[in-house]
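K.L.:
Construct the complete structure from the given sequences, taking the supplied hints into account.
The numbering of the sequence shown is numbering that gives the first Met the number 0, which starts it at 0 and goes up by one.
Keep in mind that the hints were calculated from the coordinates and are not lab data.
A portion of the hints provided could be inaccurate.
Stated by the list, open to error - In silico DSS-like cross-links for lysine-lysine, where the CA-CA straight-line distance does not exceed 25 Å: (1) LYS45 / LYS68; (2) LYS209 / LYS93; (3) LYS68 / LYS199; (4) LYS109 / LYS93; (5) LYS209 / LYS45; (6) LYS199 / LYS209; (7) LYS68 / LYS209.
To be verified - Distance ranges between label pairs, derived from CB positions: (8) PRO102 / ASP170: 30 to 40 Å; (9) GLU198 / SER100: 30 to 40 Å; (10) LYS199 / ARG146: 20 to 30 Å; (11) ASN123 / VAL76: 26 to 36 Å.
Here a beta-carbon is modelled for each residue, glycine too, at the ideal position from N, C-alpha and C.
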Amino acid sequence: MHQKTHTVYMIRHGLTYQNLCREYQGSTLNYDILPESRQLIEQRQKRGESPDIETLWVSPLVRAASTAKLYFPDMPVELMPDLMEREFGEWDGKTHDELLSEPLYREFVKSFGQITPPGGESYNVFLSRITRVLDRIETMAQESADRFPLALVFHGGPILHFTDHLLSEDDPLHRSYTLGAGGVRLEVATDPFRVIRAEKLFTNDIPVEKTPFYVDSKR
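P.N.:
So this is what it looks like as structure tokens:
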């Protein structure tokens, strides 16, 4: 018997200047996306590559809201604070290389984020937000199937944790690091709630991270 599935798109915001500098950018730093990312999204939208959706949930941070408006210009938006990036406290605005000298940061990386950044959001609080979003998706799948396909436009950290929670370790997209303005498509089933298939979105062009503009900015 064929089981009905529901489509969920998880899309990361376009790159910001802080992303270009490889800096941590949590929920306090609230900057818009780069012109290069904006152009990439506009080109995809004009080519008809934006997914057809019925419902749009978006992080209220400006980089996510701008990305959602570019990909889905005519869609009503529900802003959802639970989709915001994790708050990194004193680590905001610093790079991985700058932080490696701090023992607490090395533990943070080793534990897959289960250490609380100084002045930042605890792992348990962050995880509880992720769980609330998953619970809401599951409830909608059970009670309002006509509201799918669903798109979430938000941040790399939450997407990393969603794909860690939802996908098996042998799935190529497990703990997926999503490029700027990129994303994943998930086909989810209920009873029990689980992912049946996962695939990358927007694979027909060159993401900003693979252009000289981004690569050369390391120098």
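K.L.:
All the hints need checking, so say for each whether the structure fits it.
P.N.:
We went through each hint and held it up to the structure:
no., hint, in the structure
1, LYS45 / LYS68, "holds (13 Å)"
2, LYS209 / LYS93, "holds (22 Å)"
3, LYS68 / LYS199, "holds (21 Å)"
4, LYS109 / LYS93, "holds (18 Å)"
5, LYS209 / LYS45, "holds (21 Å)"
6, LYS199 / LYS209, "holds (16 Å)"
7, LYS68 / LYS209, "holds (24 Å)"
8, PRO102 / ASP170: 30 to 40 Å, "holds (32 Å)"
9, GLU198 / SER100: 30 to 40 Å, "holds (39 Å)"
10, LYS199 / ARG146: 20 to 30 Å, "holds (24 Å)"
11, ASN123 / VAL76: 26 to 36 Å, "holds (29 Å)"
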